[in-house]
Amino acid sequence: MILDLDKTTWKRVKFGDVVKNVNTKSSDPASDGIDRVIAMEHLDPGELAILRWGSLEAGTTFTRRVTPGQTLFGKRRAYQRKVAYAEFDAICSGDILTFEAIPGKLLPELLPFIVQSDPFFERAVGTSAGSLSPRTNWRDLAKFEFDLPPLDQQKRIVDLLWAVERHSQSVRLIIEASIPCQALAMDVSADGYVELSDVLSVAKSGGTPRRSNQENYLGNIPWLKSGEVVGGRITSTEELISDTGLSSSAAWLAPEGATVVAMYGDGKTRGQVGRLATPMATNQAVLALVADREKADSRFLYFWLRSRQSELRERGAGAAQKNLSKKIVISEPFPDISIVDQLFAAERVETIDKSTDAQKAELDHLRALRTSLLSSIFGDS
Numbered sequence: 209m210i211l212d213l214d215k216t217t218w219k220r221v222k223f224g225d226v227v228k229n230v231n232t233k234s235s236d237p238a239s240d241g242i243d244r245v246i247a248m249e250h251l252d253p254g255e256l257a258i259l260r261w262g263s264l265e266a267g268t269t270f271t272r273r274v275t276p277g278q279t280l281f282g283k284r285r286a287y288q289r290k291v292a293y294a295e296f297d298a299i300c301s302g303d304i305l306t307f308e309a310i311p312g313k314l315l316p317e318l319l320p321f322i323v324q325s326d327p328f329f330e331r332a333v334g335t336s337a338g339s340l341s342p343r344t345n346w347r348d349l350a351k352f353e354f355d356l357p358p359l360d361q362q363k364r365i366v367d368l369l370w371a372v373e374r375h376s377q378s379v380r381l382i383i384e385a386s387i388p389c390q391a392l393a394m395d396v397s398a399d400g401y402v403e404l405s406d407v408l409s410v411a412k413s414g415g416t417p418r419r420s421n422q423e424n425y426l427g428n429i430p431w432l433k434s435g436e437v438v439g440g441r442i443t444s445t446e447e448l449i450s451d452t453g454l455s456s457s458a459a460w461l462a463p464e465g466a467t468v469v470a471m472y473g474d475g476k477t478r479g480q481v482g483r484l485a486t487p488m489a490t491n492q493a494v495l496a497l498v499a500d501r502e503k504a505d506s507r508f509l510y511f512w513l514r515s516r517q518s519e520l521r522e523r524g525a526g527a528a529q530k531n532l533s534k535k536i537v538i539s540e541p542f543p544d545i546s547i548v549d550q551l552f553a554a555e556r557v558e559t560i561d562k563s564t565d566a567q568k569a570e571l572d573h574l575r576a577l578r579t580s581l582l583s584s585i586f587g588d589s
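Heads up, the sequence shown is in this note's numbering, so the first residue is 209 and it goes up one at a time.
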């Protein structure tokens with residue numbers, strides 16, 4: 209979307225001339241009426257709303273105070289694009305900068321969108337230092353230059369951008385509300401449970417072809433890694449392997465409709481469950497499960513394991529990193545119900561999923577619209 213903006217009245221400014229980096233401390237948050245704690249993991253990339261937080265009861269060493277109307281920016285690993293608009297009092301991590309617009313120069317409601325713009329992030333990433341956890345700093349960010357519209361134009365831009373943002377937040381809430389609906393749809397009446405292994409015809413992880421042989425990666429066979437198992441139907445992979453790569457390694461071709469489980473990986477990867485939309489090979493961190501057609505419906509198998517992702521993830525074992533294993537996964541309980549009952553349950557969940565997919569598509573459209581608007585407004589800063 210291209211906006212017809214008259215920028216002749218806009219003024220070139222430095223970020224530090226219209227924004228303050230506030231560093232107010234709260235040594236006793238409880239006495240200050242604060243009970244929420246915001247860490248870096250509570251900021252979702254690309255989302256201005258803060259939907260998760262910690263509590264003082266769990267204990268914290270954070271002292272930086274957050275007040276409504278501030279824009280929060282994660283200075284560590286700035287490439288993650290963690291920006292939020294505060295709507296409640298809290299304390300936050302020292303890796304989160306708290307920005308305030310200077311009255312009379314910049315509307316506070318416009319500030320988060322400036323910080324979300326590509327030119328600002330280019331500045332933040334370009335001034336970050338450190339290898340494992342690169343950080344930028346206020347001194348360098350304050351020198352960032354951009355074109356700022358007069359206050360009356362700021363108001364019109366704010367109204368447009370926040371209309372898109374509020375609608376996006378509403379769609380996200382609808383998507384989140386579908387999660388308990390899916391759980392209810394999977395609440396089947398079973399006489400008992402069997403082990404997952406009892407209803408499978410195949411349970412097998414894959415392998416990694418030798419990187420030293422380039423021919424292994426010059427084919428057209430999708431090769432799935434654990435980080436690519438992010439729920440839902442998996443239609444494509446980042447890498448492809450050849451028939452030689454398949455035959456010369458432990459990789460194998462799992463069939464369409466197989467349920468796949470990420471057994472280990474970074475962050476939230478462990479325990480993620482997906483379903484193959486096409487035959488794929490997998491690496492050793494992905495376990496593919498093929499249902500015994502006489503005992504389990506492949507869709508129900510996927511939906512059931514997806515409903516148990518949290519429990520499955522918690523079963524990870526290991527000292528340095530809690531990983532899942534084939535033994536752990538196939539020992540999961542599976543409801544002892546007929547194929548017909550499984551089909552009915554799968555149909556219920558699939559109906560909810562289709563509605564959720566439509567909402568996700570709308571959310572993607574809104575994100576693209578926001579990106580286009582920000583590019584039109586701040587793209588040439």
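Worth flagging that the hints you see were computed from the coordinates, not collected in a lab.
Honestly, I wouldn't trust all of these hints.
[Claimed, not checked] Lysine-lysine pairs mimicking BS3-like chemistry, simulated, CA-CA at most 25 angstroms apart:
(1) K433 / K412
(2) K363 / K228
(3) K476 / K412
(4) K535 / K568
(5) K363 / K219
(6) K313 / K222
(7) K433 / K535
(8) K219 / K412
(9) K351 / K476
(10) K351 / K222
(11) K351 / K433
(12) K313 / K219
(13) K503 / K476
[As the list claims (entries may be wrong)] Simulated restraints, written as ranges between beta carbons of each label pair:
(14) L213 / P311: 46 to 52 angstroms
(15) W218 / R441: 29 to 35 angstroms
(16) V230 / A458: 50 to 56 angstroms
No residue lacks a Cβ here, since even glycine has one placed at the ideal position from N, Cα and C.
Cross-check of the supplied hints:
Taken as a hint, the K433 and K412 pair is honoured in the structure, with Cα atoms around 14 angstroms apart against an allowance of 25 angstroms. Restraint check: the Cα-Cα separation between K363 and K228 comes to about 20 angstroms, which is no more than 25 angstroms; the hinted pair holds. Between K476 and K412, the direct Cα distance comes to roughly 22 angstroms. Compliance with the 25 angstroms bound is thereby established for this hinted pair. Distance restraint check for K535 and K568: the Cα-Cα separation of roughly 34 angstroms exceeds the 25 angstroms cut-off, and the hinted pair is therefore not satisfied.
Between K363 and K219 the CA atoms are separated by roughly 16 angstroms; this keeps the pair inside 25 angstroms, and the hint holds. At roughly 12 angstroms between alpha-carbon atoms, K313 and K222 fall within 25 angstroms of each other, so this suggested pair holds. With a C-alpha separation of about 20 angstroms, the suggested pair K433 and K535 falls inside the 25 angstroms cut-off, and the hint holds. Taking the CA atoms of K219 and K412, the gap is about 62 angstroms. The hint is violated against a cut of 25 angstroms.
Restraint check for K351 and K476: the C-alpha separation of about 36 angstroms exceeds 25 angstroms, so the hint is violated. At most 25 angstroms may separate the alpha-carbon atoms for a hinted pair to count; K351 and K222 meet this at roughly 6 angstroms. Only pairs whose Cα atoms come within 25 angstroms are accepted, and K351 paired with K433 is rejected, the gap being roughly 41 angstroms. Between the alpha carbons of K313 and K219 the distance comes to roughly 11 angstroms, so the proposed pair stays at or under 25 angstroms and holds.
Restraint check: the Cα-Cα separation between K503 and K476 comes to about 31 angstroms, which exceeds 25 angstroms; the hinted pair is violated. Separated by about 24 angstroms at the C-beta atoms, L213 and P311 break the suggested range of 46 to 52 angstroms. Remark: the range hint 29 to 35 angstroms for W218 to R441 is contradicted by a beta-carbon distance near 46 angstroms. Separation of V230 from A458 is about 55 angstroms and conforms to the stated range, judged on CB atoms against 50 to 56 angstroms.
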